[in-house]
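2 protein chains.
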Amino acid sequence: MEKRISLNGTWKFREASDNEWNDGKVPGCVQLDLLAQKKISDPFYRMDEVECHKLEEKEWVYRKEFDFDLSEEFDEIKLVFDGIDTIADIYLNGELLGTAENMFISYEFDVTDLISENDNVLEVYFHSSTKVMRTLENNSPIRLESSFETARPYIRKAQYAYGWDWGPRLAQVGLWKDVYISVVKDAVIKNPFFYTEKLQKDTAFVRINASVSSFTDLDLIAEVTVSYDGEVCGRKSVHVEYGGIDAYLKIDNPKLWYPNGIGSQPLYNINIKLLIGEDVIDELNFKSGIRVVRLIREKDSIGESFIFEINGIKVFAKGADWIPADNFLSRITKDDYYKFIRLAKDANMNMLRVWGGGIYEDEAFYDACDEMGIMVWQDFMYACAQYPDQFDWFQQMAAEEAEDVLLRLRNHPSIVLWCGNNENNTGFYSWWGNGDPKYLGNYIYKEILPQICAKYDPSRPYWVSSPYGGVDPNSESEGDRHQWNVWSGWADVKAYLADKSRFVSEFGFQSMPDWKTVLSYTKEDDRYILSPVMISHNKQIDGMERLIRYMVSELGFPKDFKSFVYLTQFNQAEAIKKGVEHWRAGKFMTAGTLYWQFNDCWPVASWSCIDYYKRKKALYYYSSRFYADVLPYIMEEGDGITIYGISDLLHDEEAHIKILCYNLDGEKISEREINAKLISNDVVKIAHYSVDELGIGYSPRIMPVDALHCTLPVERNGNLLNSIIYVKMTVGNSTYENYIVFDKFRNLNLRKPSIKCSIEGNKIILSSDVPAFGVFVETENDVDIKDNCLNMIPGEKYILECSGEPGNVEVLDLTSLISKIY
Amino acid sequence: MEKRISLNGTWKFREASDNEWNDGKVPGCVQLDLLAQKKISDPFYRMDEVECHKLEEKEWVYRKEFDFDLSEEFDEIKLVFDGIDTIADIYLNGELLGTAENMFISYEFDVTDLISENDNVLEVYFHSSTKVMRTLENNSPIRLESSFETARPYIRKAQYAYGWDWGPRLAQVGLWKDVYISVVKDAVIKNPFFYTEKLQKDTAFVRINASVSSFTDLDLIAEVTVSYDGEVCGRKSVHVEYGGIDAYLKIDNPKLWYPNGIGSQPLYNINIKLLIGEDVIDELNFKSGIRVVRLIREKDSIGESFIFEINGIKVFAKGADWIPADNFLSRITKDDYYKFIRLAKDANMNMLRVWGGGIYEDEAFYDACDEMGIMVWQDFMYACAQYPDQFDWFQQMAAEEAEDVLLRLRNHPSIVLWCGNNENNTGFYSWWGNGDPKYLGNYIYKEILPQICAKYDPSRPYWVSSPYGGVDPNSESEGDRHQWNVWSGWADVKAYLADKSRFVSEFGFQSMPDWKTVLSYTKEDDRYILSPVMISHNKQIDGMERLIRYMVSELGFPKDFKSFVYLTQFNQAEAIKKGVEHWRAGKFMTAGTLYWQFNDCWPVASWSCIDYYKRKKALYYYSSRFYADVLPYIMEEGDGITIYGISDLLHDEEAHIKILCYNLDGEKISEREINAKLISNDVVKIAHYSVDELGIGYSPRIMPVDALHCTLPVERNGNLLNSIIYVKMTVGNSTYENYIVFDKFRNLNLRKPSIKCSIEGNKIILSSDVPAFGVFVETENDVDIKDNCLNMIPGEKYILECSGEPGNVEVLDLTSLISKIY
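From first to last, the protein sequence lines stand for chains A and B.
Those letters in the first sequence? Residues 1 to 822, per UniProt numbering, in order.
Those letters in the second sequence? Residues 1 to 822, per UniProt numbering, in order.
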């Protein structure tokens, strides 16, 4: 039996060279404590981040005095830290317990003989991680390549802490997770593991094991019970042998765990009781799901497939990449995690990739993913650098970390893949000219991690890196791929349409955050596109230039700074839509799209779909449309358009399709209706219409077009620049919409819409006289709006639900955002 | 003796399927003839280029009727075409003389037996080159990679005719050079060649050879005379043997030909008389220079040098790349060529590269280069494509062409290098994945051309391609290099500063053409940045986007469209200045900079320094400064600035240096004066001053800076953003100026200058109260201004000479061009 006594709460802290103690919070960090005491200003405001840079070289002491009740019987007392960030010496009552070196793992110290009844003094002395890593770097015989900070590979601290191209340099210092005393009596069950060995017809073969730490010589029996919704589905008693238990169970008619959109997420309760005779000496409960995951990698005419299969069903992965949700991690609450994952689910996502430059996430993150069917691609925390794994000590730390992570996370059915690192293998190949080296991190990814994963978790595939597969790890024909030609490589958005990736685990497009968020980190003076504050809140070098480059390419110039904010959001949404629709149309040649990135760690112009304050950007609203289980897709082909029906549904469905063709001045040109069958989990071609058939006439217009590496004027059909085709696809009670226009928005004959807007309680009701694009509703109150950034069909009514009364509402659209003064 | 009877002038022409004949001009082309008759509109206006695209599939007949005097004695009569563009059948009096297939070579046909006294009818039937090349392409067993037009490699026609990223698709059709009848009696001297075998102390060993086409069996003697300025320097008589002559001469105290800036350009007259006994039966005069050229390619610690050495002197090549000066070549007059080369000379250039996608230039071009000391890097006309040299017929055509070109051009001392092609070898390696193939054009560059060059011209080096050298033909450590990371690769301008090329034969940065030129090709409605016409007059895909990207990066947003035009020019000038100064400072590690591009072939936004109408852009004015023989160079280093003196002078010189340090509000902070010795043809470090020493104080200012792959706010010295340092370096009677500011212009505290402007006759006199940048004078009258785009020192007087009365003058500067509204 284990009893835990929390040491969380108010501690004292001081700078090491200072004498004055101040109140600090655990879990927490120095920066938040200083902020609470107004000793630093908010690093998210303007460029105040710079003040925190000066803290990096300092050392800090955290101190807790406590009494402890020694009257109860015990066999062992341990002091446990769930997370120490990063290099720290731990003293209890003046004795050095040990040194922490890895923020990703928990530390426990046996204090049975040290702890006293009264006046215990626990002190944690934090060294400067920056100084330590620089020293390690300076003493290293080889120079490691890396981005953002050259010394960061030497310490096991969240790598984004030293700045990334979307995050500030804010290296938190402190006890960022729980601290408690663990009192053990007799024996305790540890590291339980429940997993599905196989599914066979109506039966799941599951296995449960755990280790037992025992202080008794008596025979121990473990009783394992698997139940669902209070009902027992399986039970078995086993002897504790070799320090652990191992139980096989058959679950009949199991309720299988499925990703969001495919099925539900039943979670079983697993109970393990440790018995001496009839006496329960320890008991443990946890939840898990029954499901099997397979990564289908089969050679084909192109290369090799890369398809996630859950319970025998191929699943097109729809999602995004997840980064830490704050620079000060203890600020993120369980509620925050559930909100984030709810947002992912509501956007019809089914996968998030926990990116390797951040952290192994909080339990709450994975719990929420388990409950809402968000599959997790879990990277190990190595990113965009070479790592010093030629050193034994680094290898050992990597192994220890992997073990800790696997034991902690392996019961989450949501996790479907362990992945060695982020971009280090493509780095070897394409950035640093290393080929496929033995060390530089590769020993970890290719030797240590696969071995540890095989040992502690036979239930999931391991993948060396993201991206990986093929001779070039960023190959288009094998494995996963990061498509950064667009945006980072400055290529036009249409490059997505030529991309034949097997699985796009990163691709992205920046936008400004929500206007209210922009206001939050700026003074009046900062509110112009190229202000120092605006540039500093876009951490990518030439990020603002790219925002402008793509905006002028697709839309034109903005009317003012605020218009710029909205235009970049619309542009991002349209760009990612283009990519996702293209790749979904090629399913399962391509088997997934995870766009970079889901969230932010501070208020910033970035690739995210929701900003730091969880305010939704246009991309978020678009995601729920282009990630819907049914997607009508319109392609310009030959003399007109072809309509495809993309279905992630698991059975064939009848669909009713309506095609509406409008002039941009609001006149309806034509309408067509057809029925078609959507094929289960597949793509069907539904119909082709020539432009002529749809009533779009021909009027010659000379326009510059992209020819073979140069621009040529060409006679085109001017009427196309004045037309839009909407498609509505109805399946059962759901209607899915899409549209096509025939050139970049900057070239279209857009008409200024007259948009009627009324407010009824929490609802905003809109309608437009002409096709309207990028219709943003901006509310006076900071409410959440269920939908926004609309592309409105003339005459149709749009009802936007808000989380509260919106207050005054401003309605913006492309024509009101774009300027023609240049 | 040869007599030539010109057939130039008015011909008749018609579309082949038409019956009506119209007047046409020879030399000329169909397009100019149609234009003259107002049957097409000006393809340079708006997007009217498109009308000419429709002409491509048509076929045309040109016809000339003439009488011919057969009364004089002759041995042979030939019909000669100096240039036929391209695929044409030639008929005289109804007989097919032959078919022309290569616009680059001359064609001659023996018409001795066909020509009559009266009513000769000469007809040239032009096939559609487009149809012919497409047929060849379709019939080819292999598909060739190329840019702009896939079929163009199949025909020997100027490759830029089918569109380039600075040129329209305007494929001229016609007799673009002289047509004449050649009547030969007795014998005629052909293909003379004069070159310097070696220089030894005060003696030049020269060699003169020629072929003799003879109709007599009598003994022929050739008398070769070399004279300078009317004075005979050497004479020799030789027998005509083996169909030719070969004479060696020693010239004492020769006057050597040097590139511009290094020395003068003495040209010798070479006279060859053909004698039978005392009778002169033919005589020929031509000019050439005495000089030896060597390409120093020596292994060093970095790789291999690439240095042009003229008469034993290393010459840093300063220049640009030359493209055809028009899409309709016959429009370019001899006067135009002399004006162009004069412009190059006045900009202190000493080299032009005749780029391989254009034409082997007109005699007048090389004559002007000979006379003004502009060295010519001469490409063979293969560019950005694979070529079908697996075919014997193509090999043969390539050989024939090379021979024709060498025989025509080899007497020009200005030509210093034959180069196999433009970018095809880097194409093999980097674009198309061919490695170093046997064919695809490589057989021409590596087998045919070097053999023919060795045979017909032992006096010059041959180089396989531009770029070439190293395993990667675009290597930084060997050979020449095209640096396109900046601009085409979207990299920031500062990437130039990291480039260690051995010889930069291409790098460039676009700008808009002169404002008057913009007006010339637009209607009022077209005058906004992203208008279809503006995009069509920037042939690079995403060219306008790049202009904007770099403008906002360095300067910010423009006030209006016209401001955009000027800002792009200033930005271009500053960018190329940055590159050239960096590379000149590293001479002779780097031994040349040829920026892309000198001129334009139509009015367009491009990389040129002078536009189609020979209007100078800001880059032109800058060139004369950064290409001056003495260049003071200021680098920000450590805690301040270091001043270097770069000298192309051939002897050491005393220099007086003045350093002027100003606040941007016009206050002089400090002044320093020193003397230093400039080392001949070398770079010296003159002085280092800390910012502090120069009186620039410190005030903290947080600014975003480019860190390791991300942007970080950093505390910098705010005073630097308010400071400028000017350097004036006086050597003899010349003063050379330069300046440094300490951030991008968009970040500086620029003050609006009050610029005094007065006009005195053809002079514009300016002075400013504060440091003023990008000061453009725009004149009402279309006059040439000797200097413009000034960076003005407060209180100094600037006198701009105009070629005529300027009329009203508008003065613009950065502060009046940049908008802060966003």
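No lab work stands behind these hints, which were simulated from the structure alone.
From a predicted model like this one, the values you see are computed outputs, not experimental measurements.
Hints are supplied without guarantee of correctness; some may be wrong.
As the list claims (entries may be wrong) - Derived lysine-lysine pairs resembling DSBU-like cross-links, with alpha carbons at most 30 Å apart:
#1 A/Lys516 - B/Lys559
#2 A/Lys752 - B/Lys523
#3 A/Lys314 - A/Lys25
What the hints assert, rightly or not - Which chain A residues stay away from chain B? Per the calculated CB distances, all over 10 Å, these:
#4 Ile115
#5 Ser146
#6 Thr150
#7 Gly244
#8 Ala247
#9 Lys438
#10 Val552
#11 Ala687
#12 Gly697
#13 Leu708
#14 Arg746
A virtual CB, placed ideally from N, CA and C, is assigned to each residue, including glycine.
Right, here's what the structure says about each hint:
Restraint check: the Cα-Cα separation between A/Lys516 and B/Lys559 comes to about 28 Å, which is no more than 30 Å; the hinted pair holds. Between A/Lys752 and B/Lys523 the alpha-carbon distance is near 25 Å, which keeps this suggested pair within the 30 Å criterion. Straight-line distance between C-alpha atoms of A/Lys314 and A/Lys25 comes to about 47 Å, which puts the hinted pair past the 30 Å bound. Distance check for A/Ile115 against chain B: the nearest CB is about 44 Å away, which clears 10 Å, and the non-interface claim stands.
At roughly 8 Å, the least C-beta separation between A/Ser146 and chain B is not larger than 10 Å, which violates its mark as non-interface. At roughly 7 Å from the closest C-beta of chain B, the C-beta of A/Thr150 falls inside 10 Å, breaking its exclusion from the interface. Listed as outside the interface, A/Gly244 is consistent with that label: its C-beta sits roughly 46 Å from the nearest C-beta of chain B, beyond the 10 Å cut-off. Listed as a non-interface residue, A/Ala247 keeps its Cβ farther than 10 Å from every Cβ of chain B; the least gap is roughly 50 Å.
At roughly 25 Å from the closest C-beta of chain B, the C-beta of A/Lys438 stays outside 10 Å, upholding its exclusion from the interface. Distance check for A/Val552 against chain B: the nearest CB is about 5 Å away, which does not clear 10 Å, and the non-interface claim fails. For A/Ala687, the requirement that its beta carbon stay farther than 10 Å from each beta carbon of chain B is met, with the minimum near 32 Å. Consistency note on A/Gly697: stated as away from chain B, and its beta-carbon is indeed over 10 Å from all of that chain's, at 21 Å minimum.
Listed as outside the interface, A/Leu708 is inconsistent with that label: its C-beta sits roughly 5 Å from the nearest C-beta of chain B, within the 10 Å cut-off. Residue placement check: A/Arg746 does not keep its beta carbon more than 10 Å from all beta carbons of chain B (closest about 6 Å).
The structure does not agree with the numbered hints 3, 5, 6, 10, 13, 14 stated previously, though it agrees with the rest.
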